[in-house]
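First to last, the sequence lines map onto chains B and Z. Per the working numbering: the first sequence = residues 1 to 128. Per the working numbering: the second sequence = residues 1 to 95.
Because the hints were derived from the structure by calculation, they are not lab data. Note that the structure is a prediction, hence the values are computed from the model and not measured. Errors might be hidden in some of the hints.
[To be verified] Restricting the straight-line Cα-Cα distance to at most 35 Å, the calculated cross-link-like pairs of lysine-lysine (DSBU-like) are:
#1 B/45 with Z/57
#2 B/54 with Z/79
#3 Z/79 with B/25
#4 Z/57 with B/39
#5 B/39 with Z/69
#6 B/39 with Z/27
#7 Z/27 with B/45
#8 Z/79 with B/32
#9 B/25 with Z/43
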Amino acid sequence: MRSYECAVILHPAVSDDGLRTSTAKYVELIAKGGGEITKVETWGKRRLSYEIMKQPEGHYFFYRFRGANSVIDELGRQLRIDESVLRHLIVCDETAEGNEPSLDPATVEPTMRHPEREREEEHRGERY
Amino acid sequence: MARDTKRDNKRDPKKKGEKREKRPMRKKKCKFCLDRVTHIDYKDERRIRRFMTDRGKITPRRITGTCAKHQRMLAVAVKRARVIALVPYVREYYR
């Protein structure tokens, strides 16, 4: 089993309820295929660098999980079908050690992050 | 005495200037190496943007001083960040 990270951008018009069901749907999908979810993260509604399907904004979600490649195939297929998904990206998670504790798919809640707000603190004194 | 003149030659900035018009730039250090970075995250938009032009191109190594290894990792990170619209493919100013 490899570790993967899947980034999903959802349509800005999706309601809070819709976001919850969407997260639950993909979490369940991963779990059903024998995958183990290690983290679900959201950045909330964020401005896109360029318009996708005429939308200037989108809801960002990141799923980190371990699983066989059959999970990836099915997840990618579903993401392509889902009309509320503007864009998705599944990549191999090179930072994962492979021993992160897996979360219970029934109770997974996305953790909120605000990269913009964190930046000031995080990067102070850095060379970048 | 001979030793002294030798030293003087070395120190004289004018003489050096005559020989070579362009002085070689001090070699830049790879910023990722300085921070001992092993992996460049495509989600780290701010870090990535430092290595892009305002038009959205990846800045070449000769300008940023990034080492080959990190430039390769950077290029992958930039391309991934473009896919999920964290950074632009192109930014057009004049249309």
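Here's how the hints hold up against the structure:
Our distance criterion of 35 Å between C-alpha atoms is met by residue 45 of chain B and residue 57 of chain Z, whose separation comes to about 26 Å. The straight-line distance between the Cα atoms of residue 54 of chain B and residue 79 of chain Z is roughly 21 Å, inside the 35 Å bound, and the hint therefore holds. At roughly 28 Å between alpha-carbon atoms, residue 79 of chain Z and residue 25 of chain B fall within 35 Å of each other, so this suggested pair holds. At roughly 32 Å between alpha-carbon atoms, residue 57 of chain Z and residue 39 of chain B fall within 35 Å of each other, so this suggested pair holds.
Between residue 39 of chain B and residue 69 of chain Z the alpha-carbon distance is near 29 Å, which keeps this suggested pair within the 35 Å criterion. For the suggested pair residue 39 of chain B and residue 27 of chain Z, the alpha carbons sit about 42 Å apart, so the restraint of at most 35 Å is broken. Between residue 27 of chain Z and residue 45 of chain B the CA atoms are separated by roughly 42 Å; this puts the pair beyond 35 Å, and the hint is violated. For the given pair, residue 79 of chain Z sits about 31 Å from residue 32 of chain B by alpha-carbon distance, which is consistent with the 35 Å threshold.
Proposed proximity of residue 25 of chain B and residue 43 of chain Z is supported: the alpha carbons are some 23 Å apart, at most 35 Å.
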